[in-house]
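Once you've looked at the hints, dock chain B against the given chain A.
These protein sequence lines map, in sequence, to chains A and B.
The numbering used here puts the first residue of the first sequence at 1, with every later residue one more than the last.
The numbering used here puts the first residue of the second sequence at 1, with every later residue one more than the last.
Please note that the accuracy of each hint is not assured.
Copies of the same chain look alike in the list, so a pair counts if it fits in one copy or across any two.
Unchecked claim - Below are the DSBU-like pairs computed for lysine-lysine, each with C-alpha atoms no more than 35 Å apart in a straight line:
#1 Lys334 / Lys294
#2 Lys122 / Lys334
#3 Lys146 / Lys356
#4 Lys356 / Lys163
#5 Lys82 / Lys252
#6 Lys334 / Lys22
#7 Lys294 / Lys284
Keep in mind that the hints were calculated from the coordinates and are not lab data.
Every value quoted in this text rests on a predicted model; they were computed, and no experiment measured them.
Residue strings, one per chain:
Protein chains: 2
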Amino acid sequence: MRNDSVTAPQGFWAAGLASGVKVSGNADLGLLVCPTGATAAAMFTTNRIVSAAVQISREHIESRKVYAVVVNSGNANACTGKRGLANARQMCEATAGYLAASPREVLVASTGIIGHQLPMEKVLPGIANAIPRLGDSPKAGLAFAKAIMTTDTRLKHAYREVKLARATVKIAGTVKGAGMIGPNLATTLLFITTDVAIGKSLLQKALREAIGGSLNRFTVDGHQSTNDTAILLTSGLAGNPRLTGQSAAYQKFLGALADLCTDLVRQMALDAEGATRMFKVVIKGAASIAEATKAARAVADYPLFKCAVHGGDPNWGRIICAVGSSGVDLNPAKLSCKLDDLYVFRNGAPTDFNPKVAARIVSQREHTITVDLGVGRFGDFYYGCDLSAEYVRINADYHT
Amino acid sequence: MRNDSVTAPQGFWAAGLASGVKVSGNADLGLLVCPTGATAAAMFTTNRIVSAAVQISREHIESRKVYAVVVNSGNANACTGKRGLANARQMCEATAGYLAASPREVLVASTGIIGHQLPMEKVLPGIANAIPRLGDSPKAGLAFAKAIMTTDTRLKHAYREVKLARATVKIAGTVKGAGMIGPNLATTLLFITTDVAIGKSLLQKALREAIGGSLNRFTVDGHQSTNDTAILLTSGLAGNPRLTGQSAAYQKFLGALADLCTDLVRQMALDAEGATRMFKVVIKGAASIAEATKAARAVADYPLFKCAVHGGDPNWGRIICAVGSSGVDLNPAKLSCKLDDLYVFRNGAPTDFNPKVAARIVSQREHTITVDLGVGRFGDFYYGCDLSAEYVRINADYHT
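So that you can see chain A by itself, here it is in the shape it has in the complex (with noise of 0.2 Å):
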């Protein structure tokens, strides 16, 4: 078995196990170790309201080495106020007790409800179990996947070589989010390693350009969570000459790195939650980036348009009314929409194009509409997926 989980690159230890948070009896409690020492970048939500281990997490980035990340799904600690502060400590103390590190470089993130205190008599045993379980095996990579899960309903990771010099760079990422999905982190809790040497701030940058052209142009439904994570750890121990900020060996990482996102996004859309089918929203001849931005997530988040993708039905009238009413510049005289390769729409008419073509290209498990506004020379881009009844279901019931 050729290991493409978290613990592929060199360094890494991962575990994953039951608490018993999850009344359900599923994984929900996991370890992620760097032995060693690992050098970290993260980024968080923007949500003006963050969870207890966001705000913890977000001080311990700042130390110069993670030793671990402990995470638990099915309890989001967010909006439980001190007590919840002081139980998202107790994790990091619990876990650097068991490494001999400090908690400052222990990382904590949790996903789950909102508003209930974590049950810390499961929680702490949970954490005094994982250390015995921790090995580098595919095994225990994938528990540690299984463990981030919440609707999720299939095990979402990914993995990269690239040779640097000598060196072969090993990346692999998991990822968690079916739903709570906007832009800007993409609702969700990412984890990558990686054995590249690199200084700690080239690492964020990385991280950040990575997750700006995949996470943060994806969305389920427009909204950040509380607990939005995405923590990229290296070992350093690839054996790769240290990268440096303008190198071809950087951009080849970067290139790997942003590959790995964009490919853990394909498995978030077409996991997220009661959906089907995804699409990618293209626009083109915007007045600028922000402009095309904004008209692709109109499209991307708007409900009446992935209801007609769900029904394979290329209503295409939809599109239009929402770029229309993004509020972004353009010209309906020249406005056109283009499903996959076939234009429906052209300089402001309808084009007399074949239904049953655009049905077929509609009900394929992704295509790409793609909007020219025709006012300038700007584009973006932007994932979505298709509305279900199942999505309903699922948020309807989620709760007790």
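Quick look at chain B alone, frame taken from chain A:
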């Protein structure tokens, strides 16, 4: 039978019938006529892409008098290019011809699928057939209300009377709209008739004010359509002293008009596609009215929250998440949230509320969510409705 349809105010005739635009054979063509010539006010969608009907009516509303409004449902006549514009003009010309009016004295409105040319071979005979059916009976008014419906499951109309000096002023309205409803008009065709004596510019001001606190504070799926149109016609026949801007009589009329609009919004919310419940989101303690509006809309539009309401689930974490994600200024340590009168979150921490009581509140036909942002003294509100699996079914299959 009391007449509370659009023919109730003095001086209006109406008709509605099936012209064949809808393949279902349901009514799809309506005429509203003021034989003595009405003073008219209107508001239109702010979508950058507007239907041919909106383009024509925006010109025609400048006329001093309006003799008729011709409406079709089943086809939006939007994104239909020059031919669509010619067809909308032709609808006005045909109607004007039967009434010895100028085409510029006729308004036109369309609603339905986007991007298909109007079948004029059905629309024109439909107008001809509607003329002899015009009448001022309740039945004629309701036939008009029926002809403007698309996915609406119920006729929506409201009626108010107001005494001004010795005159009884009547106001009646009918609205269609069940999906593609975002604020700034909500997607809708709204027709209000009255017999108040008032000048054109003050009538326009009254319409703007009445809609500002009703249709512009209501969202189903956050998008304006290409066709949103609100038309207010007065025959001026009530016999009241002509209203002036700052008078108590104007305020009394405006109060009744605004109340009628709010009544129609409630009917729309409870008949929104697949909706089973409605709610009002009230924001307090905001740094500005604009921020309060933004936060209220963020909650009302948030799919996860709408799903929770559908499930009767007091998942207040999603309310806090939406507010935090909206980008408005807030104080996490003072943030509070109530469901009706029950505090579920106070000063940044969950309260010890009874979940059964909370579930009972959320399971009502209507409830109010109040969020205090804790930073200022401004507030605003938004109406919304739940998101159901039925909404998806309706909108996945609308096209063909």
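So which hints don't hold here, by number, going up?
4, 5
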